[in-house]
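> Protein chains in written order, with the numbering used here: chain A, 1 to 909; chain B, 1 to 206.
What the hints contain is simulated information worked out from the structure, not anything from laboratory work.
Only a predicted model underlies this, so the values are computations on that prediction, with no experimental measurement involved.
Check before you lean on any hint, since a few could be wrong.
Pairwise CB distance ranges, derived in the manner of DEER restraints [to be verified]:
#, chain 1, residue 1, chain 2, residue 2, range
1, B, D176, A, D30, 53 to 59 Å
2, B, V156, A, E77, 21 to 27 Å
3, A, R318, B, S175, 16 to 22 Å
4, A, K102, B, L153, 58 to 64 Å
Even glycine gets a Cβ: it sits at the ideal position worked out from N, Cα and C.
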Amino acid sequence: MRPESIFDAAIQKITPTERAAYLDKACGSDLKLRQEIEALLQAHEGRGEFMDKPAVEQTAAFTPEASTAGFSHKPLEHIGAYKLREKLGEGGMGTVYVADQKEPVQRRVAIKLIKEGSDSKALLARFEQERQALALMDHPNIAKIFDAGIFLPSPGTPGEGPGVRGIPYFVMELIKGVPITRYCDEAKLSPKERLELFVPVCKAVQHAHQKGIIHRDLKPSNILIGLYDEKPIPKIIDFGIAKATGSRITDQSIYTEIGSLVGTLEYMSPEQAKLNNIDIDTRSDIYALGVILYELLTGSVPFSRKELEKAGLGEMLRVIKEVEPTKPSTKVSGSGTLPNIAANRQTEPAKLSKMMKGDLDWIVMKSLEKDRNRRYETANQFAQDIDFYLTDKPVYACPPSAMYRMKKWIKRNQTTVAVAAAVFITVIGGVISTEIQHSRTQQETSEKLAALEKLEQEQQKTKAALVEAKANELEAFRKSEMALAVQEFLEKDLIAQVNVFKQGETGRKPDPNLTLKNALDQASLVIPKRFADQPMIEASVRAAIANAYESLGLCVEALPHLERSHDLHQRYVRQHKADSTNDSFLFDYFMAATRLAQLQSNMGMDTKARAIMSSAVEEISKTANGDATRQETIRRLTVLGQPHSKEEVEKEIERIGNDAKNAFAAVDRAITQGLTNDKPGVSTPDKKADTSRNNKGLEQIMEVFKLILAEKFAQAEPILKELLEKSAKAGTVTEDIQSFNLMCMLGEVYRRQSKNDDARQILEKASAGLKKSIGTEHPVIGVCKLSLGHVLYTEKKFDRAEIELRDALSIFEKQTPNHFYLYETKSLLGATLTRIHPIEAESLLKAGYQGLKSQVSTLPGHEKHRMSEALDRLIQFYTDTNKPDEVKKWQAEKDKLAEQLKKAVPPKP
Amino acid sequence: MKKRWYPTAPSVTLHGMTDVTLILEQVEAGQIGAREQLFEAVYSELRRMAAAQMAKEQPGQTLQPTALVHEAWLWLVKSPLSASTFSYEGKNDRRRYFFGVAAEAMRRIVVENARRKRSVRHGVQYQRQFLDEDQLPPEKSNELLAVHEALDLLAVHDPLKAELVKLRYFAGFTSDEAAELLGITPKSAEKQWVYARAWLKRHLSS
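Extracted from the complex, chain B is given alone in its bound form (with noise of 0.2 Å):
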């Protein structure tokens, strides 16, 4: 493993994701826990930006998760730690690695969101919240969580349209987006983003 260069940089206390570049290379190196790490440093990134991006909304606008999404990877390959190994046109392996990490956070945070609302709509909390609620409506937030449960079981089948999927539903990116991720070409992306729909409509219902 590559040694640190910059020997005064605290990397756990910095900021919880400061040395995502290393923990990459840790994925990289095969090291245990190292994705898991990753996983978490991404997510915890990417919901403090979007809970910061939102609070600068507008009542009632809505948020781009790929934006988000973007943001993180921006801000990873904008770190000073990273600036010598990493560009935006980077090693393709390595983005991928990264936007499929993302998409699942992603898809955590949106999940967790569906499923707080669930709860706050049936729980004590209803009247607080009761002005905020009609921003999602429920059928969308049952066909998240539906999704999601389903999602799993697409893995199992056929990992590239679960990847595909979470790219897509989860964190908003566009067909041609997730098709030059994924290293598909964008009418492959088609194809299969149909299936995976029709298919996991299918699963969801049963």
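This is chain A alone, in the form it adopts within the complex (with noise of 0.2 Å):
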């Protein structure tokens, strides 16, 4: 066995007995051996810190003594007429020194020698190069030479032959500075004033592209700030790799190119760091400033060096290749160091994330961009666009992925729906009107650009009604053409766009989860700003807000838009009552009343619902005009499920029904006077109309109710038929929901009469409509399900029963948690599941029976009979399942509810 086998064996053993006892069966009889492998374990195990890190890598093993030891044993004192003094660095190619000039001026300046091997033709090259270079430069921010030359230590000696050491120099002026970071950093300069600073370097940059210079090493510290009258004015110096563009590539440039990899590697540009591409232009050096304007925002480098040398150069340079560096903003607000970063530029940490959001952050990223066609094209339009951001205009840079996230959400929506959502978020909001704006400087020609148009034309004109309107005082606003123009567009523009029948004439799919949930939660996010001084406004907007909600079944995100819309309402009529002579104010604090408790009894809140019915009659019957409206919102209540009893009710309905004609025409006459009052100009007619027409249908949705009620179920079906076809033609969403829950209404009357396949298919019909207009959350669609439910059980359709009965019972769960229908739909289910489900179907039948009998004291007269129903099912359980004690303790139940019953509702008379 070899010794490094055995030491490897060894190390792994970690007791000194379990290794004293490898050793001696792997050596044996071999002492030296032994001793070899002992003596190796032993300098193993006191290694401490022996090797532990590459020779040169802690130490300056490469100070610049070590380079230029060609100098220092013959120190230079003077070259020509300039008396060298202290050593100021090392540039890439050279020694700098400060000089006093003796003549013919007496300056003090800053004189760079070539260090080694001057007599190296590529180093002549290279220095004869930079020296034209910068001759040709004639800028503030860059720093001046005044003279160059080639110094022989021995005089008189001429030419340059084999022995002969030239030492090529120039001399520039002297720039007493730091660099720019240091500098902002220790005059803690605010981010705005780094900037300030920073847009000079750009353009003396942009003077040196001009002339056919790139510097291809710009880092802080080659940007040098000096105060010059107190005011710091940054110098860029050392353009000693600068190499000429275009024609002016001579012989010796080539030198320049194989001397050493150019560049230092956090400022290097994605182009520099590939290995066989010298094809570098002046966007290298826009990516170096970028790199050098994310230093001074955020105090550190998109990849520091140490991140970039922990990996090896391959890694390295695919870092810079391919790795999108880390927004600023984001960047400085993941820093540890960040209120130090902060402090550094007079603010606090969360603003100095805030403030680089959005467009600072494109301009950064978009100099950083990897692709260099994606950068800017020359430094002044960099130093431009950070001055439109000084300046508060509308910047260059945008980001690709905002516009590419903007085009896919239109091709998503496609156009109607996009214009319309987008206009409405930016109606109320101006949220993305942002975006829409950096769309629009790509100048692409994209057949999504005409819809970005027309989006744009329609924000100018609701900016404009917005304007107007703020012009315009609280009594203008009410029915003003502005009011109506926002709450038309918003009934009518944009919430129709969800409208399955309108979806589906032009094959578009709506995609409701997605864009106008999150458009509607943004723009109730801005609607108490945008609407402070306008309660009425801010009223109708919500209103139409909580419609577009609750046409996607969202009804617990509509719900508090109805309940403001409702307080603002009733606030502007309680402050104004004095001068009520108008009832259309009334109506529509009525009509606010009616929608909120409407969502509140759907959602099972039914005594908030009734609290707000009643304060809404209290607060109408108070004033001069309230007869019309009173008598509606006595309707209302009826409707909405008082805890009558069926005779009252219907009683109820018949005193309304009396008084119906009147009510209308009342309403009628209220509406067209406010409309005429307020606005001349509106066109009254079709307001008139409409509204007669919703009369007449509300008289007959009234008749049908009161069949109901009598169980008169075929005298309610062609009525119910007629309303549907009337809904189904006027085609506004409202009206959707409203014609199917119509065609839930016939269902349920055509399953009563035992119409079952006329049932079901109604519903069924009802219920694939209601899921692609509103979603599959809406209670409406619950109570569909139900009807629907109920038939197949009756057909004995059980499995298919199942189904709908489990979705009615998820959506009530989630949406109206303590309805009847809960209830209901539970008992039902139960009964639906005796065959298949017994264990369960027992537990949801009492379950079932348990929750309506909780509700008694609440449950509508005319729903009563659901108790009893769900009791008969309980029964029939127990005898399907053998269960004779049950049925007979069920029984007697359903005997004390019976009398229960009756004493509730008195006999008919």
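Combine the two chains into a complex, taking the hints into account.
Here is the structure:
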């Protein structure tokens, strides 16, 4: 066995005894081997920090002295007319000294000496190039060159024969300054001041670029800030590796190319990081400028040297070429030293990140694009964009991803929806207006732009309308063109877009969950601010938003808007009681209350709903012209299911029925009056026609209610059919939902007449339609599915009934957790499952009945029959499962209940 | 030997090391002294680059020898003369050979520097250099020189391990990089490193 293998194995043994045992075995009697191994092991154990780091990594192995040894043994004191003083530092190609010039002028300058191998033609060529390049440039922010030449230590020696060491040098402006990053931090410049300081740097680079010179090694230590008359002035130094572009490539310039890997890692552009790519142009400087700006703003470079060097060279270059840097705003917020960074910028951590979000992020990221074609084309453009930012003008840079998102978004939603939804948002919040603006600057000829144009026009219009509205006073907005415009726009332009029928015509599919909900959520946030002094407009807008939410089946989201809308109306009516000679104020209030109560009722909050309606009635009855609306209120109250007995309700309906014509005529009059009073220009006939049509519809619906309560289903049927026909023609979203409602009612009417086929067909249609138009969560769908389940159950199609009822159950559980529909559904589902799953069936049947029973006091009179039906199902279950004891028990319960109901409902006269 | 296709390019006067490709070809052709020529070229270029790089750094910062060696390699593959025959992913033998030479050159630079520092510390220039001196802990420069001396012994004993130490210790490659260059598995490289280190420690203390 080789010592190495024994050693390898031995260090795996952890305890000394283990190890000794192993060595005994492995070395046997070879004492020398054993000694050798033990010595190695001892060395291994005692290695400490021995060779734990590469030899040079932590040593300053390459101090300038090491390389300028050639100079140090015969130090130079004079270069021509220049007296050398202290050394400033070493650049890529030479040592820089401070020097005093004696003649023709006395001044202090910087002198750069090519340090080594001055007989090398390559260095001389590079020097020659640098000299020429610098001579071409004349810019206040670029260090000036005064003089250049080759110094021969022993004057008189002609030419540059073998053995002669000429020292090329040039003399330049002495910049007393510090690197730009250091200056900014030390002076604690705010981000804005940093940007202001950065702009002239870009302009100087632009100047050089125009002369065909690329810096290729821009970094903070090459951009010095000097104070001139107390004013910080940036100066770019060290165009040491500058290379002329275009025709100025001489055969010398090729040597620059092969000299070394140009650039400093952190500031190196992706194209510079490509191994075989010598195709570097002005845009590499733009990249470096971007890195510097990044550093100025965030306090660190996109990829730190440490990070880069942790990886091997290949990986290092890959990072530069491929990895997207973190956005400055993110970088700042993720930085552990944020408080420090912020303090250096005279701001607070939170503000710093926020400030960089948006424009600044985009500007920096644009300059750091991997693909140089996407960077700023010129340094000037870069500077200009920063200027734009500083003067609050829209910047040229735009996030590619945002544009991409916008396009995708439009594509996803198709033009109309996108336009409507986007306009909707912009009307209310202008939330995405910036994105649209930016997308415009892209100037792409895309078909989507047409949509955006249209969108912007709409935006303009609506903005104009809002401005107008602000100018008008309170009384003007109520029924003014603007209020109508907003509302009409919301109702017809936006919300109609999710209308399934209209969608169907154009073959488009709504994408409600994603976009519209998002649009609504965002819009909701800005309402309070947007309509701060316009309570009635806010109320209208909120009602519209609630409609939109509800049409997506989002009752919970709709509710607060309706509440707020109601409150605003109520407050308005209270405040304007004295001069409320106009019924339409009241009518609107009443409608708002009704809408709210309806939703609350749908969501099983009947007590609240009733309270809302009661206070509305009270409020309205206090006013002089409240008659008409009071009638309507009362009608609503009954429809909402007051716990009146069937007979009471019937009586009420009868009474209202008698007053109906008068009532609606009054409402009609009030509306017409309101319209003409407020805005003579508005064409009233349409509205009037609408109103009377609605009134006719309301009358008919009342009739249907009446008939259903009287269990005269056959008579209700034709009226419902007629209503349905009319509703389908109208085509607004609200009426679509209304027509699905009517379908459900009709289905129920069919069912009660045991017309199961008809019932099933219309309910299936309603269910499908509802699913398309308002999603799968709305309580109306639950009601529809409950009816359908009922039909299927009656037809003994248990498996299908189970599906519908389980759907209904999950909707009710989510949306209306305490509604009698939920318990009815449980009971029915239980009955459906009797044979399939008796255990679940029993618990469902019981829960259903108990739930209904718990609501006995609030259950509307005409719904109380559901209780006894549920009880019947329970009894049937125990009969079917042969449990006579239970049957007996629940039979008794039934008798008790019948007694109770009898008491509650006075016998018919 | 391949005929030069770039007739006007002067191979020596250009820049110490322009024609490394040419020299490499000579090495491959077995020409006597070619390796030494290559070494001198790489050595002088590394020194030049190191000095240039150090000069740009803030005081107190240290040099990354790996980056330097890589730069030398890039310099080589970027040379217009070699563009047609070389690429970074190019022939591994040639790469390995080059990096071996470069690591040796690095070793010499590091050792020379340590010696110079040491002599400076005890010599006449002490005062002048005083301020720069704190950057090199004496125990580290001692370690460096000791390893340098023992390494030749290891090279006789086990050339591969000596090569590994050169790459890792003197040229600052990572274990994996060195493994790749030497054509061994990372696991084996690590094992050999542990052994080599123990071996060196044992032999320099004896």
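> Okay, D176/B versus D30/A on CB: inside 53 to 59 Å?
35 Å, violated
> Is the gap between the beta carbons of R318/A and S175/B within 16 to 22 Å?
20 Å, holds
> In this structure, is the beta-carbon distance linking V156/B and E77/A contained in 21 to 27 Å?
50 Å, violated
> Quick one: are K102/A and L153/B within 58 to 64 Å, going by C-beta?
59 Å, holds
When the structure is compared with the earlier hints, violations turn up for hints 1, 2 and for no others.
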